[in-house]
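Colleague: Here are the chains, one letter per residue:
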Amino acid sequence: MKVVFQKTSGLQDKETHYCPGCTHGIIHRLVGETLEELDVLEDTIGVASVGCSVLSYEYFNCDMTQAAHGRAPAVATGVKRVLPKNRIVFTYQGDGDLASIGMGEIIHAAARGEHITVIFVNNATYGMTGGQMAPTTLVGQKTSTTPKGRDESVQGAPIRVSEMLATLDSVHYIERVSTHDVANIIKAKKAIKKAFSYQKEGAGFTFVEVLSTCPTNWGLDPEESLKYVKDKMVAYYPLGVLKDRGGDN
Amino acid sequence: MPKVLMKGNEVIAEAAIHAGCKNFFGYPITPQSELVAYMANRLPEIDGLFLQAESEVAAINMVYGAASAGVRVMTSSSSPGFSLKQEGVSYLAGAELPAVIVNIGRGGPGLGNIQPAQSDYFQVTKGGGHGDYYTPVLAPSTLQEIVELTKLAFDLADEYRTPVVLLGDGMLGQMMEPVEFTEEDMKVLPEKKWATTGTRGDGAPKVISSLELNDVNLENHNHTLQSKYEVIKQREVRFDTYRADDAEYMVVAYGTVSRIAKSAIDEARENGIKIGMIRPITLWPFPEKPFEEYRDKVKAFLSVEMSAGQMVEDVRLAVNGKAPVEFFGRTGGVIPNHSEVLEAIKSLAGGGQ
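So the protein sequences, as listed, match chains A and B. Using the working numbering, read the first sequence as starting at 1 and increasing by one per residue. Using the working numbering, read the second sequence as starting at 250 and increasing by one per residue.
Chain B with its partners taken away, still in its complex shape (with noise of 0.2 Å):
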């Protein structure tokens, strides 16, 4: 397929669709809205459902009817909106059921802004609501590679039953880039006999639930899930590395923040600063085994977020004391340019050559 230029937002409406995906749940909210209108426009066409819901709120728990019917379901939001759906994702995650639920992040606390920030990181990989859980998360970094990942959500939701985050941020959601569907063939998967739909001859009623009132009962089912997570860390991480082989330096960042790095890292090395870049993919299952490779090789590394250091805490258990530890970021929506992160990275360094 030829490439098209869209805006990031439309691309994971439009590669949600292309996985197989007619049915999504919207609610308004800056600066993810172009997703729910493109899905307003899009669905209908393929006899999709397009709904608006009345919250963020009642969006995540249509989603939980319509993936407990069995079909592939997605709502997005962003950070504000996102608090508002973690007690349905907590439900999803209690009753394993898949949906995908896109978070483009904005700057907070609170009502905080609309521009770009990544200050969700705690909130997505610590499981968000309440109870043992975890979901699944993916952090793109390009638009084409919203369309990969958006596809791996869903089938990650549909073969381990749970809840998938695709996490971005305002950047991501409105910047333009050129991009390709690719036709992959469908991953052939589980069929969702554990959907209620209707008894329909096949026997006993199905039950869709995560009430347990029975503590051991409880404890097993959440030792269920733990074993679920456990395949997931051991199958699912994803991450990337950039001039990494003989870096005596390690910046680590995701989404938008590793483009702006990786300028930094290039023009550092031509100031002769051996450095290179560990790119988690997946921000749950954090990626360890790349820290436990170069840990003892590199002599620091460098935590760069759109966060006042969120995703630092899991680097410094990644590295666990093997290596300093150091942290630059910006908040509050304030995209970090290339010549501050290089200035960290000199610091790192002990002030360049």
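Chain A on its own, in the form it takes in the complex (with noise of 0.2 Å):
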């Protein structure tokens, strides 16, 4: 009989306390596939963070350290910078965890320009926690602490993350990305790709922001979800390369 699809070894064979409609499981299944793609896994050491990824450390099928809130960048500063260079090491960070406590550790390790990978969900929302308003939380957008929805004269604008870290010049690639329909996963999946064989060949700090969903929190059901990414999400945080040290652009 032929094969036609299997599950990747780069994720452990269990089920996720994901919330149905999250997109946290295909990003997960991008992360675990570019990982067995590149034949690293077993060269591999990835840093969970605090949020709805905390757990990650369960599926990924790698060594795994979990981090406290926001320092997943410094943890993976001091496990690349003391094993051999041949080993990889990459954080997977929610926006709540990366782009408010964690603001200080990621710009940080950009700038220094450590040889990690930073996976960084976007959901504009802390998930985790129920649904409080984060750096990312779009002007308008409803949460348990902005119940009126987020106002720019009080709560400011949304942090463009990418954008900021674009700045910093021992930056190797950045990429915003999205999950909202298959032709972006496929998008995505590139991305990581290239984030992962940058780091595999000895190049600097790689940055994928994917844009993801919350139904839970935003009090929509998971299509809704979907295009609330494409139609609101997008037009703040738009897709592309922003930084390629690397490539063409």
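Just so you know, the hints here were simulated from the structure itself, not pulled from any lab data. What you were told as hints is all true, and nothing was included just to trick you.
Derived coverage of chain A by chain B (criterion: at least 3 residues anywhere in the stretch with Cβ under 8 Å from a Cβ of chain B; other residues may be distant):
(1) 43–54
(2) 64–70
Calculated pairs, DSS-like style, for lysine-lysine (alpha carbon to alpha carbon, straight line, at most 27 Å):
(3) Lys271(B) to Lys200(A)
(4) Lys271(B) to Lys442(B)
(5) Lys442(B) to Lys85(A)
(6) Lys442(B) to Lys200(A)
(7) Lys189(A) to Lys232(A)
(8) Lys455(B) to Lys85(A)
(9) Lys538(B) to Lys548(B)
(10) Lys7(A) to Lys455(B)
(11) Lys442(B) to Lys14(A)
(12) Lys193(A) to Lys455(B)
Even glycine gets a Cβ: it sits at the ideal position worked out from N, Cα and C.
Each chain sits in its own coordinate frame; assemble them with the hints.
Modeller: What follows is the structure, given as structure tokens:
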């Protein structure tokens, strides 16, 4: 019999705790497939963050270290710098973790050009704690701490992390991708693979921002959530390569 | 090896290197900055890793990463910076990662000042961060003792998979004394099979984490930690005594201030006061044994500290009501001089003779 599909060996064969319609599962799979395809699973150490992806160490099929809230880039720095250069180190962080409490750590890891890959999952909310405003929450977006919607005159405008990090000279590669449809998921896979490939080649800091959904906290069904990403989030967070020192851009 | 004249902060750095620590993450803060600068010079010479972090918070989390990869690693700071590291120390304790954290204490609270103080005693001996944990705390009183205790700090960290605190103060960090680095054999310690270095054919992935969502499992983990702390209490208590054998009164002091107390004790003895000293070397676990031995023999204890009275609480617990416990201390970076310690001793002994 011909095998037409099998699960990636980059993920453990487990049921995840993610909500229906959440795209964390897709993004996990893209990372897992990449690690498998690059044949680096046995050389990889992932750093889990705090938030919905806190348990990602249960799912990735490689050595994992769980970091304090926001500190994953610092932990990854420690791991990467003390191990032989052929090891692959990545962080998997949400927007509450990376763009708020962990803003210092991500900026400085990027500024130092740490040879790590950061998968930044942006769903414009704190998911795990129940849908509070994140630095990435869109203006007008209702959350449990902005019940009338984010008001720019009160909370300021959302932070475009990728654009900000792209200003740093030692950053090697930054791309923003989305998971709202199949075509974009294929693009997301390419970006993630590119980032890890750069790391494998010994290039510097690589960062992929992946726009994601949170149906539970957005109060939308899975299909509406995908549409929200497509219509609202992509409008504020434009997709594409923001920096690529190794490419043609 | 011949003796060399060095500054306390530099002695800690060199002693760490002698203990096989080739990885250091630092951040500047007075009065420990020489340690960071020394590492920046020395570590590249031995193919080690020196990295200046963007904050104390980042530094301790880099330590967490390096420790999880199984290497000997150290960071250092001074009181306000040490406070910032406490979150990370709690994670290290929870995830059972070995690391050495140096605190060269200064006056507080808040930004305080940069003069020597011992007012972080509560913080380092009672856990300090969130959750039920302790860290072994080693308190040297001379630069030569720094050499010995720095090595011990790494060995304890690795043996018990725990963060260990080396506690000094601005005086010890800044003073110069001749020291000798002895080439001791490295203690044979268990292999770090738990380290996350990539599976590389070793089977199932390893996980370093302090998270356990199941309450019963977390309680079991806490029981494991507490059992470990009991073993440390049984095996690793260290203290010194000075002129204690025939003492009728007993000073209790550690670190810098124990040296001042020695002078005061010698002078008190010349004045006919039979006084000695218990000097805790491990502040946690606190040495209870010598108190059990002396509390029925001596008339009173005097805890002398560069704080408003912190270790005195442990002294009272150890004396357990068997004798009066008095306190003398200076705070805010003021170093007590031996004559005021002598006055406190005379007052303890009923006005002196």
